[in-house]
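Put chain B on the given structure of chain A with help from the hints.
Below are the chains, spelled out letter by letter.
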Amino acid sequence: MEKAAMHTNQPQDLPREDIPQGDIPQGDLPREDFSQEELLQEEPLALELRGITKTFGTIRANYKVDLDLRHGEILALLGENGSGKTTLMNMVAGIYYPDEGQIFVDGKEVVISSPKDAFKYKIGMIHQHFKLVDLFSAAENIVLGVKDGAKYNIKEVNERVRQIAERYGFVIDPKEKIHEMSVSQKQTVEILKVLYRGADILILDEPTAVLTPQETSKLFAVLRKMKEDGKSIIIITHKLHEVLAISDRVAVLRKGLHVATVDTASSTESSLTEQMVGQKITLNIDRSEPHNVVERLTVKGLSGVNEEGLKVLDDVTFTAYGGEILGIAGIAGSGQRELLEAIAGIYNPSEGEIVYRDPRTGAAVNLRKKTPLQIRDLGVRLSFVPEDRLGMGLVGSMDITDNVMLRSYRSGFVLLNRTDPKKLAEEIVRDLEVATPNLNTPVRRLSGGNVQKVLVGREIASAPSLLMAAYPVRGLDINSSYAIYNLLNEQKERGVAVIFVGEDLDVLLALCDRILVINSGRVTGIVDGRTATKEGVGFLMTKSEMIRDADADAAAPRFEGSDPEAPRFENPGSADSAAAQAEQANPAAPAEQANPAAPADNASDAPLTALSNAPSNVLSNAPGDPAPDSATHTTPHNDFTEGGNA
Amino acid sequence: MTVLDFLLSALAIGVTFLYGSTGEIITEKAGHLNLGIPGIMGIGAACGCAALNVMIPAGTSSPALPPWLIVIIALLATVAGGGLMGLLYSFLAVTLRSNQNVTGLAMTIFGTGLTKFIFTGLESKGVSYIKAKTYFRFPFASSTTALQYCGVMVFLGIAIAIVSSIILTRTRGGLHLRAVGESPATADAAGINVTRYKYLATIIGSGIAGLGGLFYVIDYAGSQEAYLTVEAMGWLSVALVIFSLWRPYISIFGSFVFGALFILGAYLPSFGLKIDVATSNLIKTLPYVVTIVVLIITSIRNRRENQPPASLGVSYFREDR
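One line per chain: the protein sequences are A and B, in this order.
Residue 380 in the numbering used here sits at position 380 of the first sequence, with consecutive numbering throughout.
Just add 646 to wherever you are in the second sequence, counting from 1, and you've got the numbering used here.
Hints listed in this document are in silico derivations from the structure and should not be mistaken for laboratory results.
Check before you lean on any hint, since a few could be wrong.
Claimed, not checked - With a straight-line Cα cutoff of 16 Å, these simulated EDC-like cross-link-like pairs (lysine to aspartate or glutamate) come out:
{"#": "1", "chain 1": "A", "residue 1": "Lys177", "chain 2": "B", "residue 2": "Glu951"}
{"#": "2", "chain 1": "A", "residue 1": "Lys186", "chain 2": "A", "residue 2": "Glu215"}
{"#": "3", "chain 1": "A", "residue 1": "Lys369", "chain 2": "A", "residue 2": "Glu351"}
{"#": "4", "chain 1": "A", "residue 1": "Lys175", "chain 2": "B", "residue 2": "Glu951"}
{"#": "5", "chain 1": "A", "residue 1": "Lys225", "chain 2": "A", "residue 2": "Asp248"}
{"#": "6", "chain 1": "A", "residue 1": "Lys369", "chain 2": "A", "residue 2": "Asp358"}
Said to hold, decoys possible - Label pairs and their computed distance ranges (CB to CB):
{"#": "7", "chain 1": "A", "residue 1": "Ser114", "chain 2": "B", "residue 2": "Thr791", "range": "55 to 63 Å"}
{"#": "8", "chain 1": "A", "residue 1": "Glu490", "chain 2": "B", "residue 2": "Arg743", "range": "38 to 46 Å"}
{"#": "9", "chain 1": "A", "residue 1": "Ala150", "chain 2": "B", "residue 2": "Thr780", "range": "46 to 54 Å"}
{"#": "10", "chain 1": "B", "residue 1": "Phe737", "chain 2": "A", "residue 2": "Val395", "range": "24 to 32 Å"}
{"#": "11", "chain 1": "B", "residue 1": "Val936", "chain 2": "A", "residue 2": "Asp377", "range": "43 to 51 Å"}
{"#": "12", "chain 1": "B", "residue 1": "Thr791", "chain 2": "A", "residue 2": "Asp173", "range": "45 to 53 Å"}
{"#": "13", "chain 1": "A", "residue 1": "Gly57", "chain 2": "B", "residue 2": "Ile755", "range": "40 to 48 Å"}
{"#": "14", "chain 1": "A", "residue 1": "Asp173", "chain 2": "B", "residue 2": "Ile776", "range": "55 to 63 Å"}
{"#": "15", "chain 1": "B", "residue 1": "Ile755", "chain 2": "A", "residue 2": "Glu490", "range": "50 to 58 Å"}
{"#": "16", "chain 1": "A", "residue 1": "Glu433", "chain 2": "B", "residue 2": "Ala831", "range": "35 to 43 Å"}
What the hints assert, rightly or not - Which stretches of chain B does chain A cover? Using the computed rule of at least three CB atoms under 8 Å from a CB of chain A, they are:
{"#": "17", "region": "824–834"}
{"#": "18", "region": "948–962"}
Even for Gly, the Cβ is constructed at its ideal location relative to N, Cα and C.
The shape of chain A in the complex, shown without the other chains (with noise of 0.2 Å):
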């Protein structure tokens, strides 16, 4: 119980000073329990992995994580993004290694320094972004890199990859190209791959992330039977009902700590949440209370698919105001960047409507028939920093300056206008306090922070009237992501309607007046800032395609009835939910006055308090306990989780 949170790992750096000592526990109980079982077994666990730690630069990933994988189970690895769960696995699968700690397989220290190493410890990691040759058939991908010493012959490989896949029940043809595949097909190809190389022991990550729920109970039936025959079976997710259909165990990581490691069958997803998503940290963030909101942009309906031809936005609704800012929160791939995206007109929903309030002439505008550029010219600006950072927004090779100019290049006569753009770049400089040698030089150069605040710093300058910033703290040190924090501030202040995607619930819980939770692709609850609960919204982010859709009717009163402190859920499927949502969308309505609106301190720590009073039961989750009533909203969900199970 300890200084555990200074080990944190979060790509949006919190200001550590400021997490109490001693409130995220270890959750060693029930490891203890099952070591006293270690002692009786005799045979040893097909994988051990002791004390591992890694660092990334700054950022720890994982500090002396301890995971047990017994022969012949499933064993879920649970937690948020950027818990440390993919770079815990990848040095079991041989792309990274470990800093610190030791690795068993089958009671054997081994050494795994490469994808090599592990298939020769019979470990084989499917990963979540496949690994395929295109233009190759199944079963030539399959083949590919085996040295098994036998002749290489097509046909032969062709009818193994038959005999692998009839004894699991996949569907597929060996001869197949992947590029006519669909994805889970590839996925089978990638899980084949595996097991022609003779793996017993098999790491999934996030299998299902790209999977319809058919495709996943069919992945599934198969991994049930590949645990019948004895291999080892670990499934990375953030899917709480997955983890209660196919696992025997969860193991549950939290910013890069092992936290806790319980039996499936006496977990709750309410339970396995709070272990998630852990306690609430108090940021010192100003949050302002917004004052002269008007509507700004109003989203109905919104649908769209994938690429792939998967559901990324479905039905979404919801409305946001100018002067306030709206946090977006969901696990990665949710639908975050096609919603921003549709919005900047930049991706094109199959349905919907998105109606702009232009604040010049406050005539309603529908962006869906406007290009980029016009619903630029409207005030509205999008900066995404993308996982590379540089992506998408900024050219790297170019400097400050330059990129500064690609918002100005329209303006000018045959030769462009370097001046205005300068100064801007000049007081980007000054004011957002960029470190850089000069404005020529290329903004690939420069830190991590200092691209993130030109790139925000040139959307805000455009003096926008609906900004959307996504992850715009991504990767950033303490300090920087605070100057962010208060240039969204200032910007809500001055009237702008801010959007903000974000990854950290804490950061989201801390700056926004209202968070908006969407769950693939679905809004699944719009909750006040000041009064919802890191539980609540990471309930929101995860919870099941069942509880989806029957919380219409009874999750949400649920949570309304059971506790007055808890963040009001919003439906928006449902029929008086348009008006409740406008009526909390307002702080200045009558109803939210009445709801006293405390510091932001205040009202963080409310919940804080409510679970310390029953601690023990809500974070160690002993096998048997009753899930606490005083905890925020914690009312047994069982009958939901069942059903999704069913």
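Showing chain B alone in chain A's frame:
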């Protein structure tokens, strides 16, 4: 018998392109766009001719070595010369991760210059090209016209193209090589040594391309001045790669088409069609025109199989995120 002459001559010159394109296809299958082929063919020719010059000193009527050995040594010297150029290219493009287009063009400029330097040196020694050419014919060549046109190297070129085709499509090594060119990250993850495949394919490919240069200077043209036009042959070879859709067995047919179009201008007068020199030269551009036509057709049909290797021209290095 003009028509037969035309066809045989087309076949013969086509083999120049066949060597070049087979070599380039092997290189490109590893993901290397080697635009240094014209320079490499020149260097190949220069090394082969230099070897011949040593073995057949000026004024000797009967050299010390038997003709078959002379031919083999000349071929080896050529392959070594081309291979060295391939090694240099690989070092720049793989190890130093330089831009492939720039590296390739630099190799062509460097190779062409060096070729001129070597040949200028050989000129003063007075190599007997006519004599050397006879060594590249089969001993029984005088029996038919066809064999007078087509020597050992014509058959060797076709054989290399066929063998390359089989290796690329039917063997484990070929599968790995294609994987490297399509998706080096995938190949790397599968435990294939990407760097080794890239080096080997480029060196072997360049060696084969070098043979095209030697064939053109010694066998097809049989004259010292031919080295001045080797570069043009190199560019046509690169065009033939596109025409053949990166398949060596198609380039056997394609090389004949290219050869026929390339010499068509010279044969038109003997077919009874009077054309001036300018038109004759214009006709020589026909291979490029058909390449563009092929490009247009394949782009419209847009079949994945007819596209260049997916990571062609892209340097690969394992990223440490």
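Here is how each hint holds up against the structure:
no., hint, in the structure
1, Lys177(A) to Glu951(B), "holds, 10 Å"
2, Lys186(A) to Glu215(A), "holds, 12 Å"
3, Lys369(A) to Glu351(A), "holds, 13 Å"
4, Lys175(A) to Glu951(B), "holds, 15 Å"
5, Lys225(A) to Asp248(A), "holds, 14 Å"
6, Lys369(A) to Asp358(A), "holds, 15 Å"
7, Ser114(A) to Thr791(B): 55 to 63 Å, "holds, 60 Å"
8, Glu490(A) to Arg743(B): 38 to 46 Å, "holds, 43 Å"
9, Ala150(A) to Thr780(B): 46 to 54 Å, "holds, 48 Å"
10, Phe737(B) to Val395(A): 24 to 32 Å, "holds, 30 Å"
11, Val936(B) to Asp377(A): 43 to 51 Å, "holds, 48 Å"
12, Thr791(B) to Asp173(A): 45 to 53 Å, "holds, 52 Å"
13, Gly57(A) to Ile755(B): 40 to 48 Å, "holds, 42 Å"
14, Asp173(A) to Ile776(B): 55 to 63 Å, "holds, 60 Å"
15, Ile755(B) to Glu490(A): 50 to 58 Å, "holds, 56 Å"
16, Glu433(A) to Ala831(B): 35 to 43 Å, "holds, 38 Å"
17, 824–834, "holds (count 7)"
18, 948–962, "holds (count 3)"
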